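Mind docking chain G on chain D? Use the hints.
The listed protein sequences correspond, in order, to chains D and G. With the numbering used here, the residue at position 149 of the first sequence is 149, and numbering never jumps. With the numbering used here, the residue at position 373 of the second sequence is 566, and numbering never jumps.
There may be inaccurate statements among the hints.
Below are the DSSO-like pairs computed for lysine-lysine, each with C-alpha atoms no more than 30 angstroms apart in a straight line [claimed, not checked]:
| no. | chain 1 | residue 1 | chain 2 | residue 2 |
| --- | --- | --- | --- | --- |
| 1 | G | LYS273 | G | LYS318 |
| 2 | G | LYS272 | G | LYS318 |
| 3 | G | LYS445 | G | LYS423 |
| 4 | G | LYS427 | G | LYS449 |
| 5 | G | LYS318 | D | LYS27 |
| 6 | D | LYS27 | G | LYS636 |
FYI, nobody ran anything at the bench for these hints, they're computed from the structure. The structure presented is a predicted model; accordingly, all values stated were derived computationally and were not measured.
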Amino acid sequence: MPITRNIIRINDLNSGFIDEFVESGRKIFGEDVLRSVELCIQCGCCTGSCPSGRRTAFRTRKIFRETSLGFKDSVLGSDDLWLCTTCYTCYERCPRGVKTTDIIRVLRNMAVREGYMADAHRMTASYVFKTGHGVPANEEVQKQRVELGLNRLPPTTHSFPEALRSVQEVLRLTGFDEIVGFNWETMELRGRI
Amino acid sequence: MTNIGVYICHCGTNIAGVVDVEGLTQKVAKLKDVSLAKDYKYMCSEPGQDLIREDIKNRNLDRVVVAACSPRMHENTYKKVLASAGLNPFLLEIANIREQASWVHLDKEKTTDKALDLIKMAVAKVRMDEPLTSLSANVIQRVLVIGAGIAGIQTSLDIANIGFDVVLVEKEQSIGGRMSQLGKTFPTLDCSACILTPKMVEVSLNPRIKLFTYSEVEEISGFIGNFKAKIRKKSRGLDESLCTGCGLCQEKCPTKVPSEYDEKMGKRKAIYTLFPQAVPNIPVIDRASCLYITKGKCGVCKKVCPAGAIDYERTDEFIEEEIGAVVVATGFDPFDPVSKEEYGFGIYRNVITGLQLERLLHAAGPTKGEVVRPSDGAIPKRIAFVQCVGSRDEHANKYCSRVCCMYAIKNALLIKEHHPESEIFIYYIDIRAFGKGYEEFYKRAQENGIKFMRGRVAEIFEEQKSRNPVIRADDTLLGMVTENELDMVVLSVGMIPRSDSSKIQKMLGLAASPDGFFMEAHAKLRPVDTLVDGVFLAGTAQGPKDIPDTVAQAKGAASGALEVISHKTLQLSPLISEVDERLCRGCGDCKDVCEYGAIEIVTLDTHKVARINPAICKGCGACAVACCNGSIKLRNYTDSITFAMLDATLGGAV
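Just chain D, with the same shape it has in the complex (with noise of 0.2 angstroms):
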């Protein structure tokens, strides 16, 4: 973050950030979903809204403050960017119809990019490379399935280990597996966590 003197030099930011965010997103979204960031007044609804903030210390309205004036590192290196539940309380209630969730997603879609990924996401991404399941069925989960009178293992790739090579072969071709810093010899994530 460009700081001197603890004076945030306004030209020192990245101004065409927030062109950057809206291409990075458009495919998804459209460009007019992204642009809403640049409509917000800073009321602070979205903060007062979040379950999540009143936990943590997740402000909303900081987001897309420093997205709108070109706070790229800060934005994307920001812990807190992880803190949304997605839960689209705040997107409901904005008054200047910012589209709040979805810009939430593209920031992170552009963090993960930017190698900023939490340990956490990192470790649920290889279980997927592992076993095709974000969260895989367990031992725990496998026994409450049967008392339940379901199959011991889901119809998935879980039941079908030749369907896993499929996933596997959609992450690499996508560059997942490169995002993700994933291993395929050890299939193990690379570095330490």
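Frame of chain D, contents of chain G only:
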């Protein structure tokens, strides 16, 4: 033999809830000279009025007391009842047992006693009241409008189009006022000239409007319906009747000075018109910069004028006009930000005011609509607007000027439209987008990528080499102090009263609000009237406002003035002071205390006496109190009446 009827109103439960109305009525009926006392749920209603009317006729009442709400509410209603029953309406008294009793006390017994006292006083007064007849005065059916900006223009057109004559006086050499200086208007982005000039032309063509430009009202005397104005028609240094407005003189004049009309962003000649569509299209010679007048040299304009109109020696003329009503539409001045030293206006060349930017953005302005940096003429790419300069500020003007948010947003949008790559910031405390379509306009600015920075700009300094102004401000939304280096900074200055407004104020006897603007008679219910009868306000002379509000108020002022002058005669209240000329010694103490200038000392054959102008007198009674030998009395409020009222409540003499 006096025959007084007393009518006690319940006002629903407003009075009856606290006052024992029935017990009160019985007691009142026993008072001396009271021949009947009645109570009723709503005395002001149609059946209540009928009750009084019938009793006057059938029971031969000759005086009436109504015990009800404040006389401000319904005195007129009951006066009309008396008149319709054939009784002189001044033989009515109101005992205010609502605002002065039931609304302000809780104890039923004591409140009822107080109501009885108030009625006793009213009975004592009405017994001694004299029947009075309203006076009438002739009305001069013309209106004087001072100032020909959009407010004065609209008022004049409305009055003239309804069929009455207008005398329109403008200080500057052309009509049009501040609006003519503006490029475009918010929120519709109409070109200011495009909507204003048709009205200017309409003024010049309307046979009912007598237009004096480059003229000032110097004196106003008289009273509602009968004012006299002395107008100074300043010399333009030429014969207006000969000038054809060809513009050759302007073209050839060798002297160039900074143009006041362009807010010093451009130059003008020593003989000049304000702008190409000026009405009238006749130039003025600026005596301070004309070479011929100051040094006896040059004389080029005289040589080239094909009409032979130039006349350097021409002097001011004085004209007297008689009018029945006056509309003050003198407008505003922009706040001069030099006193806000922290912003460096006047020191840093690339810090300009909002009105200067208007001139740059104006298609007919000094740069033909191109916004350029004063220091080097370059096109600025990073521009910031600083809001509330001198507004909402205990060190300058405490009030909000109401237009700056919108004009900054408008000009930001216009610049962005011309140069989409430019970066524009608006530093604000609050965005006040209160008008129709204004919030939507604000949103449009956001949609166009204009950055709104919350925080009052603390200071501006300059990068010496580039002459770039740098803004330092707390971004209160981020909670961080920021610095922003820009190509140009625009100070959004507010409106202040015209520098010569105190002259107008004194001349007309107007009041001013704490902000210095002319004060209306009532903030809500009489917003275009003044406390001087027959004088009305229009536009920013009354307080900061935008064009739609100005036009609306101008139309209101026209309606107010028309209400005065559309009748040939005027009814005047007879409740005024009168002088007993046999006793008066003409000492003038009364004249000194009269707030309204209603008293004149005249010399008779043997001595001096005070004379009261019934059209100006408001019946306040100050003169009667000041009079050292009791020769002035206020009708129906004489000392003997006052003492009788006191006796009625304190002495139990009734």
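Next pair to validate is LYS272/G with LYS318/G; report whether the Cα-Cα distance is within 30 angstroms. holds, 16 angstroms
With the threshold set at 30 angstroms, check whether the alpha-carbon distance from LYS427/G to LYS449/G stays at or below it. holds, 22 angstroms
Taken at face value, is the distance from the CA of LYS423/G to the CA of LYS445/G at most 30 angstroms? With a Cα-Cα distance of about 36 angstroms, the restraint between LYS445/G and LYS423/G is violated, given a limit of 30 angstroms.
Given the hinted pair LYS27/D and LYS636/G, is their Cα-Cα distance within 30 angstroms? Holds - the C-alpha atoms of LYS636/G and LYS27/D are around 25 angstroms apart, at most 30 angstroms.
Quick one, are LYS318/G and LYS27/D close enough, alpha carbons at most 30 angstroms? violated, 87 angstroms
Holds or violated: LYS273/G and LYS318/G, Cα atoms, limit 30 angstroms. This hinted pair holds, its Cα atoms lying about 20 angstroms apart.
Checked against the numbered hints given earlier, this structure breaks hints 3 and 5; the rest are met.
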